[in-house]
Amino acid sequence: MTETTLTSEAALKRLKKRRGKEWRFRLWGRASIAFALAALAWLLFSIVGTGYTAFQQHFMRMDFQLTESVLAPDGTRDPEILRGANYRKIVQTTLYEQFPEVTGRKDKQELFALVSASGATNYLRQLVYKNPDLIGKTVTVTVPASDQIDQLLKGYIKRDTPESRRKVSNQQIVWADILKERGVIKKKFNRILFMNPDSRDPELAGIAGAAVGSLMILVVAFVLAFPIGVGSAIYLDEFAPKNKFTDFIEININNLAAVPSIVFGLLGLAVFLNFMGMPRSLPIVGGMVLALRVFPTITIATRSAMQGVSPSIVDGALSLGASHTQAVFQQKLPLAAPGILTGSIIGMAQALGETAPLLMIGMVAFVTEVPNSITEPATALPVQIFLWSDSAERAWAERTSAAIIVLLVVLITMNGFAIWLRNRLETRR
Amino acid sequence: MTHDNIKFTCRDVRVHYGDFEALHGIDIDIPDRGVTAFIGPSGCGKSTFLRTFNRMNDTIDGCRVSGKIHMDGQDIYDKNLDPVLLRAQVGMVFQKPNPFPKSIYDNVAYGPRIHGLTSSKAELDALVEKSLRRAGLWDEVKDRLKLSGTGLSGGQQQRLVIARAIAVSPEVILMDEPASALDPIATAKLEALIEELKERYCIIIVTHSMAQAARVSDKTAFFYMGDLIEYDVTEKIFTNPGNSRTQDYITGRTG
Chain A
1 MTETTLTSEA
11 ALKRLKKRRG
21 KEWRFRLWGR
31 ASIAFALAAL
41 AWLLFSIVGT
51 GYTAFQQHFM
61 RMDFQLTESV
71 LAPDGTRDPE
81 ILRGANYRKI
91 VQTTLYEQFP
101 EVTGRKDKQE
111 LFALVSASGA
121 TNYLRQLVYK
131 NPDLIGKTVT
141 VTVPASDQID
151 QLLKGYIKRD
161 TPESRRKVSN
171 QQIVWADILK
181 ERGVIKKKFN
191 RILFMNPDSR
201 DPELAGIAGA
211 AVGSLMILVV
221 AFVLAFPIGV
231 GSAIYLDEFA
241 PKNKFTDFIE
251 ININNLAAVP
261 SIVFGLLGLA
271 VFLNFMGMPR
281 SLPIVGGMVL
291 ALRVFPTITI
301 ATRSAMQGVS
311 PSIVDGALSL
321 GASHTQAVFQ
331 QKLPLAAPGI
341 LTGSIIGMAQ
351 ALGETAPLLM
361 IGMVAFVTEV
371 PNSITEPATA
381 LPVQIFLWSD
391 SAERAWAERT
401 SAAIIVLLVV
411 LITMNGFAIW
421 LRNRLETRR
Chain B
1 MTHDNIKFTC
11 RDVRVHYGDF
21 EALHGIDIDI
31 PDRGVTAFIG
41 PSGCGKSTFL
51 RTFNRMNDTI
61 DGCRVSGKIH
71 MDGQDIYDKN
81 LDPVLLRAQV
91 GMVFQKPNPF
101 PKSIYDNVAY
111 GPRIHGLTSS
121 KAELDALVEK
131 SLRRAGLWDE
141 VKDRLKLSGT
151 GLSGGQQQRL
161 VIARAIAVSP
171 EVILMDEPAS
181 ALDPIATAKL
191 EALIEELKER
201 YCIIIVTHSM
211 AQAARVSDKT
221 AFFYMGDLIE
231 YDVTEKIFTN
241 PGNSRTQDYI
251 TGRTG
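Heads up: the sequence lines are chains A and B, in that order.
Heads up, the first sequence stops at 429 in the working numbering, and the numbers go up one at a time, no gaps.
Heads up, the second sequence stops at 255 in the working numbering, and the numbers go up one at a time, no gaps.
Bound conformation, chain A alone (with noise of 0.2 Å):
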């Protein structure tokens, strides 16, 4: 009987490799999490690495004297004929003065690729639109820099290579150097990227369209899958009669929330664009096309909501006399709430990064204006990435990435509610 004792060596043996095994399990999950936790940093490292100066442009704050001789030569006040006025030679002309010793057509033509040629132009001619006024006067106002030396004084054009494989060339470099030192040259916080739509000039790209298009996209979104959803989940669970039938459709609703987004964006430029025929690049288009690949994770998260509540309650409510629908809509769904808000507001987030089905139906296109209405062309954040991502000058690359933080932040701002909400509504039972 030595042999069964609680100190015996096989007993000690057996608890020796029992531990061991418990032992490589922990290690095991600790190096899977570290593994999770090192990818995320690198993931996070990498574009915010590329992506965070972005958010602050080089600009030019200068003096430009609104000539009346050549934007209105004829003495009209009239903004329609001011907006078609040659603002160009304003900007060349507040260029060269600050360096008067520059007379060539050549140098001259380098000297004015210093500023955002469009970004300037088209920054007075709002302002003489807005205010004719201003002609005749001298106005101080800060304008972009060309892309090309915000990129060079960022540090991401190399002085050091030979200038016949950089965009800048040495001159402009000297040129650059010394605005800069004048305080011509300023680096500011890059509002262009939060308040412009798209643009040919990277120095004058911004997320606001996209952002206001996955806006509508969302809203139309939620508008269509929330009570899709969850009404198809109550009725599954609560009413429906178990059958076959029932059964088929439920596995069904299963296999369309593992369906591939982009067969989604094909379904849309079939049925809406081809058979329906909307117009292509809407967000309410994309809105419905997003609403069929998010309204099954609304149900599936509303139906294990609805198990998780107790069958007790229901029985107290039918036992006093409520009728059924009363029993699931006063008692069942108010105490699943937390978990379909938590579900659908998931259901969302996903929503807000789908790009292949929005690229199905024409939401890749190059949209200058920030949409007004959900009938209005639009792009969606992600597709605005995919966009830039594909653009060859390298202004665009640290654009892409800080696009890419806006699109994470926003998605973990969602994420981070969801559980709050959840946490929050569920401590107050």
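Hint data in this document are derived by calculation from the structure and do not stem from the laboratory.
Don't be surprised by glycine CBs; every beta carbon is placed ideally from N, CA and C.
Fair warning: there could be bad hints in the mix.
[As the list claims (entries may be wrong)] Calculated cross-link-like contacts (lysine to any residue; reagent style SDA-like; alpha-carbon spacing at most 25 Å):
| id | chain 1 | residue 1 | chain 2 | residue 2 |
| --- | --- | --- | --- | --- |
| 1 | B | K102 | A | L341 |
| 2 | A | K158 | A | E181 |
| 3 | B | K96 | A | V70 |
[Stated by the list, open to error] Covered stretches of chain A (chain B as the covering partner; in silico rule of three or more C-beta atoms under 8 Å from a C-beta of chain B):
| id | region |
| --- | --- |
| 4 | 300 to 313 |
| 5 | 321 to 335 |
Given chain A's structure and the hints, the job is docking chain B onto it.
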């Protein structure tokens, strides 16, 4: 027996779950007022039988009830009878206390609200107070009616559930092992409450505790394997049972 009025008349009641017959034709008359206890080993069908009186079995998929159950001469399985109205007259208290996760006040007011029993806030307040008083809970909760019903102790929760049932003025209260989740002190309070309530209501209680059945009930029915074995005045069942299986069960030889 002081109460000779019959509340429920049951004839050949059979309950099927799918192909399985859980009750094999029960004939029983349940008196109005007073407490009738259903006892028997687990799985004998006593809870199933209890749930036929307020048609709670209707909510279980594949459950069929046949035979006749009349309450005050009215067939409660009549096709034209709305089980929702029946349940307003036949209240139920479950094994595990199941107050709604709402305030104590809202728990009691829920039934009156859905049935539109009161026409003003003052009337509802009065009804809530009356129900809580009858359930012997008023003095313990009168200062915290706005607090959640789930924050009460198990015994208080069970009395809250009883108050909730009383608030819709039922004639019958079904109790499915109401004390099985309670400690002895809470159980004693609950039994004292049952003692009071039986003056006004017909109470049917399912219990696993022989002692409880002996203490609170006027009549006792012993079920075994889906059959009603013996039904008589409680005193007789516990002192001089007519059937050997009843004898075995109450003395602890089967169970």
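Checked hints:
1. Of the supplied pair hints, the one linking B:K102 and A:L341 holds, its CA atoms being roughly 20 Å apart against a limit of 25 Å.
2. Simply put, A:K158 and A:E181 have alpha-carbon atoms about 19 Å apart, close enough for the 25 Å limit, and the pair holds.
3. With a C-alpha separation of about 89 Å, the suggested pair B:K96 and A:V70 falls outside the 25 Å cut-off, and the hint is violated.
4. Beta-carbon proximity to chain B at under 8 Å applies to 3 residues in the region 300 to 313 of chain A; the threshold of 3 is reached and the given coverage holds.
5. Counting residues of the region 321 to 335 of chain A whose CB falls under 8 Å from any CB of chain B gives 8; the rule of at least 3 is met.
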